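Q: Chain by chain, the residues:
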Amino acid sequence: MEGRIDRDTTWPEISFEERIGTAEFRIHERAHIVVNGDSCRGCSTRECVVACPANLFVPTSDGGILFNYENCFECGTCYLVCNKEGAISWTYPEGGFGIVFHRT
Amino acid sequence: MTDFDFDVIVVGAGPAGSCAAIAAARAGRSVVLLERGPFPGSKNMYGGVVYPRILDELVPEWWTTAPIQRWVTRRSTMILSERSSVTIDYRSDDWGRPPHNGATAYRPDFDNWLAGEAVAAGARLVCSTTVTGLLRDASGRTIGVRTDRPDGELRAPVVIACDGVNSFLAKEAGLYGSTDPANFTLGVKETLAFDRETIEERFNVRDDHGVDIEILGGTSGVNGGGFVYTNRDTVSIGCVLKLPKLAAQSKRPEEIIAGLKAHPSIAPLVEGGRVIEYSAHVIPEAGLSMMPKMVADGLLVAGDAAALCLAAGIWLEGVNFAMASGMYAGRSAAAAVAKGDVSTRGLATYTEMLESTFVLKDHRRLRHIPELVLSDRVQQKYPTFVTAVMERLFRVDNPSPKPGLRRIVREERKRAGIRARDLLRDGWKGMRGFG
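So the sequence lines, in the order shown, correspond to chains G and R. Here the working numbering is used: the first residue of the first sequence is 1, the next is one more, and so on. Here the working numbering is used: the first residue of the second sequence is 1, the next is one more, and so on.
It should be emphasised that the hints constitute simulated quantities derived from the structure, not laboratory data. As the structure is a computational prediction, the values presented were derived from the model and not from experiment. A few of these clues could be false.
Unchecked claim - Lysine to aspartate or glutamate pairs mimicking DMTMM-like chemistry, simulated, CA-CA at most 20 Å apart: (1) R:381 / R:412; (2) R:251 / G:17; (3) R:251 / G:62; (4) G:84 / R:412.
Could you put together the complete structure from these sequences and hints?
A: The following block contains the structure:
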C-alpha cells in the first residue's frame, strides 16, 4: 500500500507487520476470543475481515476464517459487526495481559 | 448478612472509575479500584482532547500536576472534499494559561495520574485484575464481583461499573437493551514522531500550546470523521468510522487513515512523520438514544460503560463526561452506603445528579445531533457542497463577472445532488438540535 500526497509524489506506507509492531501486546496462552469456524464457513458478508483494525481475521481458501487473538486491541469491533449469532465468543484477556497502550 | 470486603468496588481505573473512587473515598468509604491492565490507562486511547474543568471539584489546580502534552489554544473544524477544504479556526492565547480549557494528553499518562489521585484519597488500586462477572444475591441485587485472581471474589454493597464501552457488567445486569452496531464507531489512530520545532512551525504554535483539528469528510466515503492534533513531540492522526458502514465496504481502517494523510490539505501537516504507535478503540456515539439504565440494586454505571460520550459535530467529548459521571456515582454510592439503602431507590441520587448537570443536560439538548452528523447527506454530500461554494466565491473568473451568492448556492446544491427541501430540513434540525 502506498500513501499518495499532493504534487503527485508518494511516500511508502509501512507494512501491516511494522504497523502492528508499534503496539505492545503482552500475550497470554489462553485465547480470549474464540471464533467458531463452522459459523464462518456459511458466512458470505465477512464484516470482521475488513473492519478489524488489527487485521486478525483472515479468510482461508476452503471458505473458513483463520483467527489469531494475539495482536488484539480488545476494541470489540468484531463481535459488534458480526451477523452470526455465536460465531465470536469475546472476553477480556487475563488481568495484566493483552494490549498495552503508551502514547495514545 | 453478607460480609463485605469494601464499601464500594469500582471496576475500571479510567477517568470514570478514578473519579468515582476519589469521590467515594473522600466521603469516608473504603474503596477498591480494579483495573485489568498492568497500569491505569494502559487499555485506553481516544481522539485527543481532554476538557478537565469538572476536575476543579476533585483536584483543585489540576493543571499544575496533570501530565498533559499541550494546551489546546487552536481549535479547528475542517470540511474536506476530494481535493480541497474549508476550515473554521478559533485561536485563543488565554487557553494556554490557567485555568485553561482543553489539553492533549496521552491517556496512559493521564489516566495513571488520575488513578494516583484516587490512591492519594485513600482508595486501594489493584491492577492486572480482570473482573469476569457480577456477584448477585437471590433477589438479583449486586453484592460484589468475580475476578480472575485465585479466590478472586470481592464483596461490597455497591459496585460502580466503569468498565468501558463494551461494559459486560452493565449488559450482565440487563441494563442495556439489544446492541445495535450502528450506535458505535471504530476509532483508529497513528501517533507520528516529529521534532518539536517541526510541529510548532507546521501548526503555527509555540511553547506548550497545541492544536486540535476535527474533520468532516476525508474518510473514504465511510461515515465518520477525522482528527489531527499535536502532542509535545508527536502528532496524532486518526479516523472515527461508523461500524456498519465500515463493514459494508472494502477499505480497511489503516487504509482509510492513509487516505486522510494523503489529502492535499492534510499531507503538509503530517508528511514524514514516523508511526510510533498504532491504536484502536470503539466509541459509543449515539448519545441519549443508546444509554442504558444507569442504576440497579447495588450497581451504578458511569463513563463509556453508560455510553456517556458526546459526539455532536463541533463537540466531541468523552473524558469529561466520564469524570463527571464517575464523580457523581462515587458520591451517590457513598451516601447510599452511609444511609444503609443501596437499592435502586437509595442510589437514585446518581440519576438526579446526572440529570441536573451537563452530563445529561448536554446529551438531552443535543440528542438529535449525533444522528444528523453521521447521516448520509451530512457525510457524503455537504462537504462537496460547502467546499464548492467557497471555491466559486474565491475564484476570480475574469472576464466573467462575479456570480451572486444565491446563484452559487443554488447551482452547487444541485450539482451536489441535494434537494432544497432536504437542505432546509437539515438546517432546521441543526438549528433546533444545537438549541
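Q: Hint by hint, note whether the structure agrees.
A: Results of checking the hints against the structure:
1. Restraint check for residue 381 of chain R and residue 412 of chain R: the C-alpha separation of about 11 Å stays at or below 20 Å, so the hint holds.
2. Restraint check for residue 251 of chain R and residue 17 of chain G: satisfied, since their Cα atoms lie roughly 18 Å apart, inside the 20 Å limit.
3. Proximity of residue 251 of chain R to residue 62 of chain G is assessed by CA-CA distance (about 23 Å); at most 20 Å being required, the pair is judged violated.
4. Note on residue 84 of chain G and residue 412 of chain R: the hinted pairing is violated, with a Cα-Cα distance of about 43 Å set against a maximum of 20 Å.
Violated hints, listed in ascending order, are 3 and 4; each of the other numbered hints is respected by the structure.
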